[in-house]
Amino acid sequence: MESSRDIQHLLEIMAALRHPETGCPWDIVQTFETIKPYTIEEAYEVADAIERHDMDDLCDELGDLLLQVVFHARIAEEAGEFAFGDVVEAITRKMIRRHPHVFARSDADTPEAVKLQWEEIKQAEKADRQARRMRRGVPQEANSGHLGSVQRSFPALVEALKLQERAAKVGFDWSEPEPILDKIEEEIAELRHALKDGDQRKIADELGDLIFALVNIGRHVGTDPEMALRGTNTKFRRRFGHIEQELQAGGETLDAASLERMEELWQAAKAIERQLT
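Numbering (full-length UniProt numbering) for the sequence shown: 1 to 277.
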C-alpha cells in the first residue's frame with residue numbers, strides 16, 4: 001500500500017483494515033457506537049487547528065475526520081445498509097436541492113431569502129424522510145414537535161444555542177440583549193440561594209439555568225458561546241502557562257506556591273497581554 005490522492009485508495013485501505021481474516025484486530029471489532037467518540041473528537045481537532053491558524057494541522061485533521069466518514073460507511077456497507085458512494089450521492093443531491101438559486105431557477109437573491117428558502121426545503125425533506133421511514137416500518141423519530149430537529153447528541157452549549165434559535169423562529173425570544181442581562185442576574189441570585197441551602201440537585205438546576213441564559217446573550221450579541229468559551233480556555237492555558245514558567249524560573253513549584261503567589265503571576269500575565277494588544 002502507498003499513499004494516494006484517490007479517495008478510492010482510502011476506501012480500499014479501510015476495507016483491508018476491516019477484513020475479518022487479514023485485517024487489523026482493533027479495526028475489525030469496531031462498531032458505530034465505539035468509534036462515535038473518535039468522530040466527535042476529530043471534529044473538535046479540526047476546529048482547534050482552524051483556531052490556531054495551523055494549515056499543516058488542519059490538512060492532517062481533515063484527513064482524520066474523513067477517515068471517520070469512511071469508517072462509518074464501511075461498517076454500514078458490511079451490514080448491507082449503504083456504502084461510501086451512497087453518502088456522497090446523498091450529500092450532493094441535498095446540496096443541489098437546497099440551492100435552487102445556484103443550480104436551478106429561484107427568486108432567492110438575498111442572504112435572507114436564501115435562508116428562508118433553505119428552511120422551507122428542509123421542512124419538505126423532513127416530511128419526505130418521515131414518509132420513507134413509515135414505508136420501511138421504521139418507528140417515528142423520538143424527537144418531535146418544533147424543537148424535534150435539534151439533536152440531543154449535540155454538546156450541551158451547541159444544543160442550547162440551537163434550541164433557542166428554533167424557539168426564536170416562532171417568536172419565543174427576547175427582543176434585545178438588556179432583558180437577558182437582567183435574567184442572568186436573576187439566575188445568579190437563585191444560584192446563590194441554592195448554594196446557601198446546599199441542595200446539590202437545586203445547585204445543578206440553577207447552574208444550568210445560568211449557563212442557558214449566558215448562551216442566550218451570546219446569541220443576541222452575535223457571539224457563538226462555544227467559540228467564546230474555547231477562546232477563554234485558550235487564554236486560561238496561556239496565563240496558567242505563564243504562572244508555571246515564572247515559578248520554574250524562580251526555583252518554585254506549582255504544588256508549593258500559595259494561591260496569593262499564583263494570583264500575583266496571573267495578574268502579571270494579564271498585564272503583559274494588555275501591553276501586547
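Some clues are possibly wrong.
Each pair of labels, with its calculated beta carbon distance range [claimed, not checked]:
id: 1; residue 1: Pro111; residue 2: Glu176; range: 41 to 51 Å
id: 2; residue 1: Ala104; residue 2: Gly23; range: 40 to 50 Å
id: 3; residue 1: Arg135; residue 2: Asp64; range: 34 to 44 Å
id: 4; residue 1: Leu254; residue 2: Glu2; range: 39 to 49 Å
id: 5; residue 1: Val88; residue 2: Arg129; range: 32 to 42 Å
id: 6; residue 1: Pro37; residue 2: Asp128; range: 42 to 52 Å
id: 7; residue 1: His193; residue 2: Asp27; range: 25 to 35 Å
id: 8; residue 1: Arg129; residue 2: His99; range: 10 to 20 Å
id: 9; residue 1: His99; residue 2: Gly250; range: 57 to 67 Å
id: 10; residue 1: His193; residue 2: Glu260; range: 53 to 63 Å
id: 11; residue 1: His53; residue 2: Asp199; range: 40 to 50 Å
BS3-like mimics (lysine-lysine), calculated; alpha carbons at most 25 Å apart, straight line [claimed, not checked]:
id: 12; residue 1: Lys36; residue 2: Lys126
id: 13; residue 1: Lys235; residue 2: Lys270
id: 14; residue 1: Lys169; residue 2: Lys94
id: 15; residue 1: Lys94; residue 2: Lys162
id: 16; residue 1: Lys36; residue 2: Lys115
id: 17; residue 1: Lys126; residue 2: Lys115
id: 18; residue 1: Lys196; residue 2: Lys183
id: 19; residue 1: Lys196; residue 2: Lys235
id: 20; residue 1: Lys169; residue 2: Lys115
id: 21; residue 1: Lys122; residue 2: Lys183
id: 22; residue 1: Lys162; residue 2: Lys126
id: 23; residue 1: Lys183; residue 2: Lys126
id: 24; residue 1: Lys169; residue 2: Lys183
id: 25; residue 1: Lys122; residue 2: Lys94
id: 26; residue 1: Lys169; residue 2: Lys196
id: 27; residue 1: Lys162; residue 2: Lys36
id: 28; residue 1: Lys235; residue 2: Lys202
id: 29; residue 1: Lys183; residue 2: Lys202
id: 30; residue 1: Lys162; residue 2: Lys115
id: 31; residue 1: Lys196; residue 2: Lys162
FYI, nobody ran anything at the bench for these hints, they're computed from the structure.
Built from N, CA and C at the ideal position, the CB exists for glycine as well.
Verification of the supplied hints:
Here the CB-CB span from Pro111 to Glu176 is close to 22 Å, at odds with the stated 41 to 51 Å. Ala104 and Gly23 have their C-beta atoms about 44 Å apart, which keeps the hinted 40 to 50 Å range intact. As the Cβ distance of Arg135 to Asp64 is approximately 37 Å, the hint placing it in 34 to 44 Å holds. Separation of Leu254 from Glu2 is about 47 Å and conforms to the stated range, judged on CB atoms against 39 to 49 Å.
For the pair Val88 and Arg129, the supplied restraint of 32 to 42 Å is violated, since their beta-carbon distance comes to about 19 Å. Checked against the hint of 42 to 52 Å, the pair Pro37 and Asp128 fails, with Cβ atoms roughly 31 Å apart. At about 52 Å, the CB distance of His193 to Asp27 disagrees with the hint of 25 to 35 Å. One distance hint, 10 to 20 Å for the beta-carbon pair Arg129 and His99, holds here, with the actual separation near 19 Å.
Between His99 and Gly250 the CB atoms are about 60 Å apart, so this pair conforms to the stated range of 57 to 67 Å. Hint check: His193 to Glu260, Cβ distance near 30 Å, so the stated range 53 to 63 Å is violated. Judged by the Cβ atoms, the range 40 to 50 Å given for His53 and Asp199 holds: they are separated by roughly 45 Å. Between the alpha carbons of Lys36 and Lys126 the distance comes to roughly 24 Å, so the proposed pair stays at or under 25 Å and holds.
A threshold of 25 Å between alpha carbons decides the hint, and for Lys235 with Lys270 the separation of about 10 Å falls inside it, so the pair holds. For the given pair, Lys169 sits about 23 Å from Lys94 by alpha-carbon distance, which is consistent with the 25 Å threshold. At most 25 Å may separate the alpha-carbon atoms for a hinted pair to count; Lys94 and Lys162 meet this at roughly 21 Å. Only pairs whose Cα atoms come within 25 Å are accepted, and Lys36 paired with Lys115 is rejected, the gap being roughly 30 Å.
Our distance criterion of 25 Å between C-alpha atoms is met by Lys126 and Lys115, whose separation comes to about 16 Å. Proximity of Lys196 to Lys183 is assessed by CA-CA distance (about 20 Å); at most 25 Å being required, the pair is judged to hold. For the proposed pair Lys196 and Lys235, the alpha carbon gap of about 31 Å is over 25 Å, so the pair is violated. A hinted pair counts as satisfied when its Cα atoms are at most 25 Å apart, and Lys169 with Lys115 qualifies at roughly 12 Å.
Proximity of Lys122 to Lys183 is assessed by CA-CA distance (about 33 Å); at most 25 Å being required, the pair is judged violated. Note on Lys162 and Lys126: the hinted pairing holds, with a Cα-Cα distance of about 17 Å set against a maximum of 25 Å. Between Lys183 and Lys126 the alpha-carbon distance is near 35 Å, which puts this suggested pair outside the 25 Å criterion. Between Lys169 and Lys183, the direct Cα distance comes to roughly 21 Å. Compliance with the 25 Å bound is thereby established for this hinted pair.
The hinted pair formed by Lys122 and Lys94 meets the criterion: a straight-line CA distance of about 9 Å does not exceed 25 Å. Under the criterion of a C-alpha separation no larger than 25 Å, the hint pairing Lys169 with Lys196 is inconsistent with the structure, at around 38 Å. Using a Cα cut-off of 25 Å, the hinted pair Lys162 and Lys36 holds, with the two alpha carbons roughly 21 Å apart. For the suggested pair Lys235 and Lys202, the alpha carbons sit about 31 Å apart, so the restraint of at most 25 Å is broken.
For the given pair, Lys183 sits about 18 Å from Lys202 by alpha-carbon distance, which is consistent with the 25 Å threshold. Taking the CA atoms of Lys162 and Lys115, the gap is about 15 Å. The hint holds against a cut of 25 Å. Under the criterion of a C-alpha separation no larger than 25 Å, the hint pairing Lys196 with Lys162 is inconsistent with the structure, at around 33 Å.
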